[in-house]
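So the chains spell out like this:
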Amino acid sequence: MKVLVAEHDAMTRWLLEASLAKWGHTVLSASDGSEAWRILDRDDAPALAILDRMLPGMDGLRVCGRVRQRESPSPPYLVLLVGKGRSEDIVAAFQAGADDYVLTPVDRTELWARIQAGARTVALRQVLAERTRALAARPTRSGEEACASCQRLDVATRARLVARSA
Amino acid sequence: MTILVADRSAVARTLLRSLLTALGHAVMEARDGREAWGILQREPGMSVLIADWALPDVDGPTLTHMIRAEKRPGYTYVILLTSREERGGAAGRGGSGADDTIVRPFDAGELMARLRAAERILGLQAEVSRLEGLLAGSAR
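Chains as they are written, first to last, in my numbering: chain L, 1 to 166; chain B, 1001 to 1140.
With the rest of the complex left out, here is chain L:
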């Protein structure tokens, strides 16, 4: 899986990159928010991004918000790095549209577990999109039902947007 690591601290970034590469992922990295956003704004954006809350340029929450506003058939799974003891940042991360968070300093086992959950969700979303396309291609009742399924997904996305703006 293609993963973006956006972290300004070189040592932390290197540790994250090394772990992810060891687990078989293709890693892209960014040291500030604007660079992270440029990578996530591309058509071949990574499937998962690990964003530090405190990024220079554009902070992690703003990057999250921008990504969520972007129209994309396969939006990336976003994991925010949040300082230990800053529970208000966790709430802010979810409000900004993050899928999950990892506390810093990063515990490797914890990171592995969070990436696993993310990879699983990304894979399921891909399968779902393929099945929906396969069904929609059939000019039958199931094609209509697949469209109903697309609408349901849209409803879920809309519900998330509503929850975020609340």
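This list has only true hints and no planted wrong ones.
With the C-beta cut set under 8 Å, the calculated list includes, among others, these residues of chain L facing chain B:
1) A113
2) R125
3) A134
Just the calculated beta-carbon pair ranges, DEER-fashion:
4) B:S1083 - L:W23: 21 to 29 Å
5) B:L1023 - L:E88: 16 to 24 Å
6) L:Q126 - B:A1069: 22 to 30 Å
7) B:A1012 - L:A136: 42 to 50 Å
8) L:T12 - B:R1084: 17 to 25 Å
9) L:S72 - B:R1034: 46 to 54 Å
Treat the hints as calculated values from the structure; they're not laboratory data. The beta-carbon is built from N, C-alpha and C at its ideal position, and this holds for glycine as well.
Mind docking chain B on chain L? Use the hints.
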């Protein structure tokens, strides 16, 4: 979601029940692995099991393997509660077969985040199964 909480400690069960109820989930409780297994047999549609790693009688990892070995109608998402030492060992790399782990002590925010992930994965899996059913149906 309907969540089964399995922990030997009544205090831990009560705490989890109050947190989960506040998040809008229905909660069932078990004191040990045997009791948890009995409830899982009676309730095949149980969405999530939150079990202590060191559950008496049948421990968390064994219970997880029993669930996975059985052909259940729906997927039961398993979260094991561990100590840091337990997770440093076999629990760390998915060796337990569980979907996720939570290290004690944990806070409400962490529990909420883990359940969000569970709910998302269960929802996607249900939707994929539904579409696969439709595809199989229309292929006939």
